[in-house]
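A.B. asks: Chain order of the listed sequences is A and B.
All residue numbers for the first sequence refer to the numbering used here, where the first residue is 1 and numbers rise by one.
All residue numbers for the second sequence refer to the numbering used here, where the first residue is 1 and numbers rise by one.
No wet-lab data here; the hints were simulated from the structure.
Just so you know, not all the hints are guaranteed correct.
Claimed, not checked - Partner residues are not named here, just some residues of chain A that face chain B (Cβ under 8 Å, in silico):
(1) Q50
(2) T353
(3) K357
(4) V379
Unchecked claim - To give a feel for the contact side, a few chain B residues facing chain A, derived at Cβ under 10 Å:
(5) A20
(6) S23
(7) R29
(8) C40
(9) L71
For glycine and all other residues, C-beta sits at the position ideal for the given N, C-alpha and C.
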Amino acid sequence: MDTPVQRTMQTDVLIIGASHAGVECAWTLRQAGFAGRIVLLDAQAAAPYQRPPLSKALLAGSTDAQRLALRSVETYQKQSIEHLPDHTVARLDAGNRTAITQQGLQVRFTHCVIATGARARCLPGLNGAGAYSIRTLDDSLALQPRLADGLRLLVLGGGYLGLEAASTAAKLGARVTVIEQTGCLMGGKVSATTAARLEALHRQAGIEILRDTGVQGWESAPHGWSATLADGRRLDAEAVLVSIGAVPNTELAEQAGIRCADGVVVDASCRSSADGIYAIGDCASSHRPELGRPCRIESVQNALEQARIAAAAIAGTAPPSPRPPTFWSEQQGRRLQIAGLADPRQPCDDRLTETAKGWLVERYQAGRLAAVEAVDSPVEFMQATKRIGAGDVPAPATLTP
Amino acid sequence: MPEVFFVQPDGTEQCVDVPAGWSLMEAARRDGIDGIVAECGGGAICGTCHVHLPEDCYSKLGAPDFTEAALLEIVPEPSPTSRLSCQVIMTDELASMRVRVPAEQLNL
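The whole structure should be built from the sequences, with the hints applied where relevant.
C.D. replies: So, in structure tokens, the structure goes:
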């Protein structure tokens, strides 16, 4: 069904999506001296905001939505970045280089950057009252007021997001149970040492963690939700947080005939299979030399990095020098930083070092430093990160006990 | 509302309104101040929002915590009044101060 065109505009760069990646791309274009027109289409009504605090400070009530703004409205205006909130792109025509929004705005572009991000993965049958996810500002603001006074909260999925939210909720007095269907917290993306130590901290804070636990069924109940576990046990909760990963928003690109495979497939310059169209951030999948295959990376740092790469390609300036992907999380008041990608299909030789306030794990694969994890040790993290890719496995004396 | 002036390495100044209770970094990011990268968003772990404070203002603040102090030892262009701007919370006492943005921030 075609959306009737109500008005048209012509732009040099159209950016679809205004979160970390989209905003950074617009910003970097201006910093690079790009003088053309930049239109930033935003499906959301709120000014573009930071996502990491949605499961931490905002959920804890220790900051407010205003403080999460990536830039003020005046700042976009000063940079001549046309930010249009409440504009959802309905269709993208790669051949004719046009996009049309549900609101009837047709945009002709020279370059287009798809920065549509990812959405929370849902579980069929688990939605409506008492079921939550955390992906947007509204998601976090909906759950926040409920987190108090012994609320029984089930967190489905023990990844970064689920554990961050569990940590925040427990601190506010909620009684929290985390259900993880695999044996590993944080998706097996961290070393066994870090996973076990953080799990111990969560348990000390009163959070119940059920690993290797599947849920057979969910039932809506007067109090909220009732889960039947695979072993027949029932768990009741007033609220359920579904944190079982994200799905890339690639529908626009797919309908436009752009190559997608768990993300919009892009090259090292973030170019998609369609001329003049780029993809960046959570919705983009690029070849990772560390893994030898294409992969989507969900992190703010990757969103910023790809935004700068695409901006450089459009502006014709030098791309930023490559650096390993980095991630960070905050759980139980501990700050976890990760750099590099360890291939989950290959064995890891993990080397643990205790630091003044936390610990550092260097993860070697095939004799090379593949990834680094640090808890409350940012200086050690910086130093070790610079060695990623290097050989020289340290002597076995420092082997993880 | 209290104001803070951010002074760039080339001497240009930008005036930023900083509501009391906000960090300097939050207001600088909102106004898009060059050189305040703030990659971690205020976690005091990336060291990319380093600024130099005036001496009198520096001494009005509590000492940086262990992590911030450690990062301030490895940032480019450190000085005795270096702080991470995400850890400097605005108060009326700090109104109208001039903070200097270094030419370079910490980079991996």
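A.B. asks: Against the structure shown, which of the earlier numbered hints fail to hold, in ascending order?
C.D. replies: 2 and 5
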